[in-house]
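Protein chains: 2
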Amino acid sequence: MTNKKDSEAAFLAAYDPSQWPGVSLAVDVVVLGVVSGKLCVSLVKRTEMPQEGFFALPGGFVRGAESLEEAVARVMAEKAGAENVYAEQMYTFADAGRDPRTRVVSVAYLALLRGGLESPDVVLGQVKATWAGEEGGGVSVEVGGAAVELAFDHADIVGLALKRLRGKLRYTPVAYELLGEEFTLRQLQEVHEAILGRPVDKNSFRRSSLASADLVPMGRLEEDVPWRPAELYTYAERE
Amino acid sequence: MTNKKDSEAAFLAAYDPSQWPGVSLAVDVVVLGVVSGKLCVSLVKRTEMPQEGFFALPGGFVRGAESLEEAVARVMAEKAGAENVYAEQMYTFADAGRDPRTRVVSVAYLALLRGGLESPDVVLGQVKATWAGEEGGGVSVEVGGAAVELAFDHADIVGLALKRLRGKLRYTPVAYELLGEEFTLRQLQEVHEAILGRPVDKNSFRRSSLASADLVPMGRLEEDVPWRPAELYTYAERE
DNA sequence: TTAATAGTGTCTCTGAGACACTATGTG
DNA sequence: CACATAGTGTCTCAGAGACACTATTAA
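Just so you know, the protein sequences line up as chains A and B, in that order.
Residue 19 in the working numbering sits at position 19 of the first sequence, and the numbers go up by one each step.
Residue 216 in the working numbering sits at position 216 of the second sequence, and the numbers go up by one each step.
Incorrect hints may have been included.
Copies of the same chain are indistinguishable here, so a pair counts whether it falls within one copy or spans any two.
Said to hold, decoys possible - Each computed SDA-like pair below joins lysine to any residue, with the alpha-carbon atoms no more than 25 angstroms apart:
{"no.": "1", "residue 1": "38", "residue 2": "120"}
{"no.": "2", "residue 1": "45", "residue 2": "212"}
{"no.": "3", "residue 1": "38", "residue 2": "187"}
{"no.": "4", "residue 1": "163", "residue 2": "177"}
{"no.": "5", "residue 1": "45", "residue 2": "171"}
{"no.": "6", "residue 1": "168", "residue 2": "132"}
{"no.": "7", "residue 1": "168", "residue 2": "212"}
{"no.": "8", "residue 1": "168", "residue 2": "229"}
{"no.": "9", "residue 1": "168", "residue 2": "192"}
{"no.": "10", "residue 1": "38", "residue 2": "189"}
{"no.": "11", "residue 1": "38", "residue 2": "231"}
{"no.": "12", "residue 1": "202", "residue 2": "88"}
{"no.": "13", "residue 1": "168", "residue 2": "226"}
{"no.": "14", "residue 1": "168", "residue 2": "48"}
{"no.": "15", "residue 1": "163", "residue 2": "93"}
{"no.": "16", "residue 1": "38", "residue 2": "65"}
{"no.": "17", "residue 1": "38", "residue 2": "147"}
{"no.": "18", "residue 1": "202", "residue 2": "138"}
Worth flagging that the hints you see were computed from the coordinates, not collected in a lab.
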């Protein structure tokens, strides 16, 4: 091993943080919601030079002593006053060359919000996967019925979010984040169908949902529907 | 919405990267391997002040225009001359306060290496999960039969790697990364058992392995074993 | 021949898709 | 009553655990 001395020196050198040029830290948030049976993502229109005019994911730089989660919460609050949103880290993009001055490290988060997020700054785009199951890949997004192109690689990031969400749907109770405190099994099924992008058998869905035992019947029925009202359920282990 | 002007201003301000203090970018690598049926992780002994003397994950700062993957590859090469290693991003830790001078953003990677990684700088620690299935949580690590405490939150990061690996084992051909080009079904099963931490039924394992159709029989048998030799297989879609 | 492992046959259980059915609310 | 949806019964099939069995090789 002739490179032992070299690697030793490199190792020690690498542990001096001030030697390396600093980078900027940012978060981008994929906010997903189900609106009338459609999976939607929140988008902002870029008002500055790189990719100006394109739709992009909401995001921002991480401030001072803020944690990543705090930065995500702040971005959500600033853009639409949304508080206490489920958010989960997905992937970190750190390729050099995004910004000519400093390297920008961007941590992508997946957030789920009941009914989607919409505000003066934020529009909802409908997500259409070009792939089935959990293959993964980019997605196409429509705003007001017309296909739009997302800035940077944000279409791939939305695709990553959708892939992650489909995976989590199987073995974690994540769909409840997209519903209110009380919901019917049909509403829960609609959320699943919107995320999976395919119809789901009613009976199979009921069986597996009720068997998982984190659904609690409220003993009350939904109201103001022009057909037979269904039992209301809630999720047992919200914390 | 009285906060519209505020959020607008914050939005614009946030897009000036030079305004925010820079951070240092580092990678930590969980190198896992299976050595004689045991799941092992590569560790280095810290030689500098914070947590000096504790075992820690190998890692280092990202240099100049290096990508994260290049930094991981460099760390692997420096520590043990390992090239072309499977590596996958896991999670990014960015809590302030790790280093008093600058904020250190550390991106944790999972790497898989045949036979584990060992060198003058690196020791192998045996990983023992204190949890079953895919619950997740920290792990305990033994070096030379004695339990050791890992530096920082590295025990949790190893636990995260194990959880991720167990999950991927179900639906991706990741176990092949821990074997040579040619292997018997028993060797493949041993890798699975080491990762899952439990015995696996031989017949079920064979059936599902052969059904997945990315195993190709070589038409040759293993040699130099003091019992009936088994068919050698290789993985079909290495790229 | 014996020992040890390679490799197979088959029963069972479970979870999910398919689909027809009954029940019960609104109008 | 009609109608639309809530909710159920049941057949089937695929995948996996359990386990006993046969096959083949080294010594």
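Any of the earlier hints contradicted here, and which numbers?
-> Those not satisfied are hints 2, 5, 8, 12, 13, 14, 16, 18.
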